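Student: Chain V is fixed; fit chains D and L onto it per the hints.
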Amino acid sequence: MNEKTRFMLALIAPAALVLVLFQVVPILTGANASFRDWTLHDPKRTWVGFANYIHVLRDVDFLEIVWPNTFGFMFASVAQSLLLGLLIALMLNRRFPGRWLVQSFVLLPLMVAPVIAAIMIRWMFNDQFGVVNAALEGLGITPISWLTQRWTTFLVILLTDVWLWTPWFALILLAGLQSLPPEPFEAARIDAASAWRTFRYITLPMLRPVMVVCIVIRSIDAFRTFDIVWTISGGGPARATELFSLYAYVEAFQFLNLARGSAAAVIGAIIIVIFALLLYRILNRFVEVSK
Amino acid sequence: MKDVAAAPARSKGFFSSLAPRGRTVFFALTAVAVCLLFAFPVFWLVLTSLRPGTGVYYVHRGTEFTIDNFHDVLSQEIVIKALFNSFMISTLATLLSLGVTATSGYMLSRFKGPIPNTWFSLIYIFRCVPYVAWVLPLYFVTQRLNIFDSYWGLVLPHVAVHICFFSWIMKGFFDGIDPSMEYAAMIDGCSRWGAFWRVAMPAAIPGLTALAILCWLYTWNEFLFALILTAHETPILTVVMAQFVHELGMEWHLMSATAVIALGPALIVTLFGQRYVIRGLRI
Amino acid sequence: MADIVLSNVHKVYGHVVAVKDINLDIKDREFVVLVGPSGCGKSTTLRMIAGLEEISGGTIAIGGRVVNHLQPKDRDIAMVFQNYALYQHMSVRDNLAFGLRNRRVPPAEIAAAVSRAARILSIEALLDRRPYQLSGGQQQRVALGRCIVRNPKVFLFDEPLSNLDAQLRAQMRLELKELRLRVPTTSIYVTHDQTEAMTLGDRIVVMKDGFVQQVGTPLELYRRPANRFVASFIGSPSMNFLTVNVTADGDHFSLACRELRFRLPTGRFPDLGSRVGRSVCVGVRPQHIRLGAPANEKHIAFKGTVMVTEQLGDEQLLAVRLGDSEIRIAGVDPDLTLPTGSQIEAAVATDNLHFFDELGET
Chain V
1 MNEKTRFMLA LIAPAALVLV LFQVVPILTG ANASFRDWTL HDPKRTWVGF
51 ANYIHVLRDV DFLEIVWPNT FGFMFASVAQ SLLLGLLIAL MLNRRFPGRW
101 LVQSFVLLPL MVAPVIAAIM IRWMFNDQFG VVNAALEGLG ITPISWLTQR
151 WTTFLVILLT DVWLWTPWFA LILLAGLQSL PPEPFEAARI DAASAWRTFR
201 YITLPMLRPV MVVCIVIRSI DAFRTFDIVW TISGGGPARA TELFSLYAYV
251 EAFQFLNLAR GSAAAVIGAI IIVIFALLLY RILNRFVEVS K
Chain D
1 MKDVAAAPAR SKGFFSSLAP RGRTVFFALT AVAVCLLFAF PVFWLVLTSL
51 RPGTGVYYVH RGTEFTIDNF HDVLSQEIVI KALFNSFMIS TLATLLSLGV
101 TATSGYMLSR FKGPIPNTWF SLIYIFRCVP YVAWVLPLYF VTQRLNIFDS
151 YWGLVLPHVA VHICFFSWIM KGFFDGIDPS MEYAAMIDGC SRWGAFWRVA
201 MPAAIPGLTA LAILCWLYTW NEFLFALILT AHETPILTVV MAQFVHELGM
251 EWHLMSATAV IALGPALIVT LFGQRYVIRG LRI
Chain L
1 MADIVLSNVH KVYGHVVAVK DINLDIKDRE FVVLVGPSGC GKSTTLRMIA
51 GLEEISGGTI AIGGRVVNHL QPKDRDIAMV FQNYALYQHM SVRDNLAFGL
101 RNRRVPPAEI AAAVSRAARI LSIEALLDRR PYQLSGGQQQ RVALGRCIVR
151 NPKVFLFDEP LSNLDAQLRA QMRLELKELR LRVPTTSIYV THDQTEAMTL
201 GDRIVVMKDG FVQQVGTPLE LYRRPANRFV ASFIGSPSMN FLTVNVTADG
251 DHFSLACREL RFRLPTGRFP DLGSRVGRSV CVGVRPQHIR LGAPANEKHI
301 AFKGTVMVTE QLGDEQLLAV RLGDSEIRIA GVDPDLTLPT GSQIEAAVAT
351 DNLHFFDELG ET
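Residue numbers (our numbering), protein chains in the order written: chain V, 1 to 291; chain D, 1 to 283; chain L, 1 to 362.
Chain V on its own, in the form it takes in the complex (with noise of 0.2 Å):
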């Protein structure tokens, strides 16, 4: 082994081990138990093959409810955190009285813990006492029951992770645009282009790299989504917004079956992965090469 690929190996090393101890091993040990029967209450362990995965694969709770669900949540809240983040990049592109302000008012939610935003959120739109109601109340307009309904509940949790993860995308977003080069857009003011043609052909184009980048990390993330949806909804009313994490928890942790827990993990891993790659290839070939 020559001394180069010691270095490299040596430079890996302690993100290896972490990653080993603390990634792998668990990941190895939760693909395991999915292959056993291995309930909490009667830790038995006998190997069982597929059983769980063709358990979980027939669920009709999760074929019609958690896959709709994870990939619409994943659409609609990468797509909204993305438009607007954009806009607000736009905006705090120019240089305006005040801007470090409005800066610091975009960053809010990112200072706050997400199952805190979740709870109050939460909290807001309670249907007995929550400033929604109260002030759809004060419109004239009848409350709604904001948490008993599917899509209602659906609403309120998409609303908190756009809330949550639209200044992440701006800030992305905003470094981006701070970094393109000025010429072409001054070549497109003497070009006559409008200020749409000019965000259409020369600015989007320009940001495309990052913006995949954004969609790709944010999507994956979308799909994992947890601590909200627990928070908000608990996966209810009656399951009907659970989500893949969600899934997986209630089945290890409510039905106590950590195997199928782990089965139906390891399946949204798998499809994560898949899609993750997808998601990477197609966005790519929208992405010229600019230099």
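Chain V regions said to be covered by chain D (calculated; three or more residues, Cβ under 8 Å):
#1 20-27
#2 220-228
One-sided and incomplete, this derived list gives chain L residues near chain V with beta-carbon spacing under 7 Å:
#3 P72
#4 K73
#5 F81
#6 N83
#7 Y87
Among the chain V residues that face chain D by a calculated CB cut under 7 Å, a handful are:
#8 F7
#9 P14
#10 A15
#11 F105
#12 L107
#13 L108
#14 P109
#15 V115
#16 I116
#17 I121
#18 V273
I should point out that these hints are in silico values taken from the structure, not numbers from a laboratory. Computed from a predicted model, the values in this text were never measured in an experiment. Every residue, glycine too, gets a C-beta built ideally from N, C-alpha and C.
Tutor: Showing chains D and L alone in chain V's frame:
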């Protein structure tokens, strides 16, 4: 050749049809709307924390204000301990994560071939697994290693989680730093390690600062790991906050007070660091 | 008519004055070069004419119309940037057509204009490629194409050749001149390279520290520089300078410093009279110094020690030590061997002497 430039640029569109004054007003209104939107839940949080326990159910209508909630909360030992623990853990996790991922990102940036490719694929794949798949086994692992419910039991898993994302971003930073400085250093007698530590790292400081701020905030606010990997020995702020509402009944006012206290350090770090984050994230 | 008139144009950034009181009259179809060192204000001036910078004071008029408050798109100008500023994500054809499309020109006319521009610049084969697939020279041609496709009144060039290597630069200079013949348009060209300025400009504007130092044709600037800065800036290798003291000596002036002593008849150099008892700066171009003894009494002679020689093939350049100063001599016979330390004798015709006080030429 006809004079094609004679055609004036007729710009349609809502935005351009507004007089310059109108445009400023529209812009200002949007800015205000954005501020309100993002500030409102936080504002509500602060308001709730200032209401006495009985007044919490009419937060928007009551007129009583009190800081008793803060007194209550700060007099509980568990809260003070949690504050301290969260702070220590966030800081430790940040330092370790940066250290471990800086070398990893550097390797991915400066070298090509099967080893970097394998490493990158590895960390990319393992990042995609949902937490739930390995959080309970993680519980067992930390028990085995005897670090459950201690600082290391929480810090190390956090570091593991950060490895992929941060390595990716660190790679970006190092990609943007000209390697010829390191070659010059090596010709001048530095070892590879010395070139990394003395030449590449200082140049990456803006990026490192940005990541440090993001990492600290993330760990400070994290919930799931804290919930599962700690028990009574090491109270963590986010868990303590949530417990006011789940386990001990619906004490919104106390939770809000704790949350506002928790916001304090986060606020300082964000306000101070936002400039660095934007500058440093210029990938 | 596309003449450009700058009246008392003035630009400040906060407390820093970038451009001070520029007055310039550029005739229709004239090719004017703004030249000067970095920070002299030439790019700022160009950008003010383009409308990319606000004008702090004064007026700019294009074709008789004051354009101070007009947007760049309404000034009927086109601009070539130093780093081309092409739209990287559009094909070359779309790059050329973009400005016309924004102005709602009918597609048939756009196609005609684009193919005409492509033909003139010989880039027809590149129309469907993207800018990042092209070489530097090709990209610069596309940038030029973007200019001519709209047939504007004015062309503006912001150091367009600075990013090209030396050989390509020389070639592009020729192409620019050829382009001028085919599409004669009022042009303002900014550069820091005096060779580009001399070869391309009908008239040259030399700038320094925000001021115009001199305006004139290349030959005027070469033969009659208004001050020491212009003299040292124009011409390569640059002019040699020596400070000498002036004393009256009957019907001659005696000019002397430690290294040199010579006399000039008062009749032919009357202006030196005002410098008697003081010092004056003498400038001589390296190209005007001949090795050997003076040919007649209209020459002055001096001796020096050879320090460094540079062989250029058809001539040699010498750096010669004269006391404490170093003089450069050009046009030396390439076959002469002049080792370091050898003594040489050289002469200069008095007609080729330039005199400067602290500010201008006498």
